[in-house]
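Visitor: Residues per chain are reported as follows:
Number of protein chains: 2
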Amino acid sequence: MNAPRLSADARREQILDVAIDVFGRAGYFGASMNDIAEAAGVTKPVLYQHFDSKSDLYRALLEEVGARMLAAIAKATANCHDGKEQTELGFQAYFRWVAQRHDEFMLLFGGSARHDGEFSSQIRQITDEAAAAIAPLITVDIDPEQRQTLAHALVGLAEGASRRLVGLGKDFDPDDVARTVSGLAWAGLRATHRVNGSSAGHPG
Amino acid sequence: MNAPRLSADARREQILDVAIDVFGRAGYFGASMNDIAEAAGVTKPVLYQHFDSKSDLYRALLEEVGARMLAAIAKATANCHDGKEQTELGFQAYFRWVAQRHDEFMLLFGGSARHDGEFSSQIRQITDEAAAAIAPLITVDIDPEQRQTLAHALVGLAEGASRRLVGLGKDFDPDDVARTVSGLAWAGLRATHRVNGSSAGHPG
DNA sequence: CCTCCGATCTACTCGCGGGTAACCTTCATG
DNA sequence: CATGAAGGTTACCCGCGAGTAGATCGGAGG
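From first to last, the protein sequence lines are chains A and B. Quick note: the first sequence uses our numbering, first residue 227, plus one each step. Quick note: the second sequence uses our numbering, first residue 227, plus one each step.
Derived by calculation from the structure, the hints in this document are not laboratory data. Here the structure is a predicted model, which is why all the values come from computation and not from measurement. Where hints are given, some of them may not hold.
Copies of the same chain are indistinguishable here, so a pair counts whether it falls within one copy or spans any two.
[As the list claims (entries may be wrong)] Here are the simulated DSBU-like cross-link-like pairs (lysine-lysine), alpha carbons at most 35 Å apart as the crow flies:
| # | residue 1 | residue 2 |
| --- | --- | --- |
| 1 | Lys310 | Lys280 |
| 2 | Lys310 | Lys270 |
| 3 | Lys270 | Lys301 |
| 4 | Lys270 | Lys396 |
| 5 | Lys280 | Lys270 |
| 6 | Lys301 | Lys280 |
| 7 | Lys396 | Lys280 |
| 8 | Lys310 | Lys396 |
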């Protein structure tokens, strides 16, 4: 009555979908394979036909979700003219993603993955990539290490705002939030340019 | 041979100390009570003489560590004259705490606690308090909800920077980092004042 | 209608880890 | 040197959840 016998590929996709939700809510350790199977309307062995292990499934999820988020940001900032626009559109794309995919946000940044060495490197890879997109907006006069740290700080900026908004439970206007947060971020980024005064010369 | 029979109070303190380290490294689920007992040089039942359960122990840790961090920041910013100084000294106290207590940082922000409803509210309480200290630095012209979100974003700013620094493994100069990050933060905070132009009137 | 194959389920194994009952050890004290 | 209380240990119970072996179902092709 529930699962009308899907093809292997379709079942795999469905499991991934459902697992994002379940893991997103309960975390890696809080959700059992049985929970996920039940939520998908099947039984455990079906999961193991598509994924070698619980951690394998989780890895796949992190990869897919991380790629989706980064792609959304990359696409939005693809043809930006200046740093300000890139900052605004980047944050906008990010908060839109959070707003419509609470579960995906929780999966990546809910924290379940952060510890386990196995997953933490995967999460780090994602945040590293996000930071790499931000780093060029910071003055070159600064020590590269500090620049990286600042870039990661700005990733945290978005994460901190999102955590609160998602935690509140109710929906929010991502564009509103993006305007406010990116306003703060861009002002901060420009301040890093004061040293060599390059902030005055932006085109557009 | 190792643990020369401590008094109950001393043992309790030692367990807390050791548990910060073990949980900080492995996370709540990654560390077993046996691990902690072994690290403390005792056996499991001793833990249960001092704490009702694993979660009880963890709760106690979060409380102690959270209070310690907030107290450090509060003390540093107790007699500040203006927002800029408060921002600088607050971040400085925070990054000093991170620099000398990697394990405590990992315990609070490593992510283990973030999911489990039981602990997540405790973590949230801590970040809420930190955000409450930041919120007054943001213009009153903004919607209170947005102000709260911005405050939490700035908490995330510090967290994001710390996560990278701690993740690198090597030591860092907290005052250096604090200068850079608080510079960005303060510039961002001032930008929120542009709306009503109140940024010009600061004393000092 | 048979049959074969892939999707699915029932019904297990098994180890890990939280938690505990009962016993041992050390030492201050009369 | 008895004694008892506080600190500690050994050796266990037990449930949960990851992972699996083997039976069952259901539809496409002969």
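Visitor: Each hint: holds or not?
Guide: Do the hints match the structure? See the list:
1. Lys310 / Lys280: neither (42 Å within a copy, 48 Å between copies)
2. Lys310 / Lys270: Neither: 49 Å inside a copy, 56 Å across copies.
3. Lys270 / Lys301: neither (37 Å within a copy, 53 Å between copies)
4. Lys270 / Lys396: This pair counts as within: shortest intra-copy Cα distance 33 Å, inter-copy 43 Å.
5. Lys280 / Lys270: both (11 Å within a copy, 29 Å between copies)
6. Lys301 / Lys280: Within one copy, since 32 Å is at most 35 Å while 45 Å is not.
7. Lys396 / Lys280: Answer is both: 31 Å inside a copy and 32 Å across each meet the 35 Å cutoff.
8. Lys310 / Lys396: both (29 Å within a copy, 33 Å between copies)
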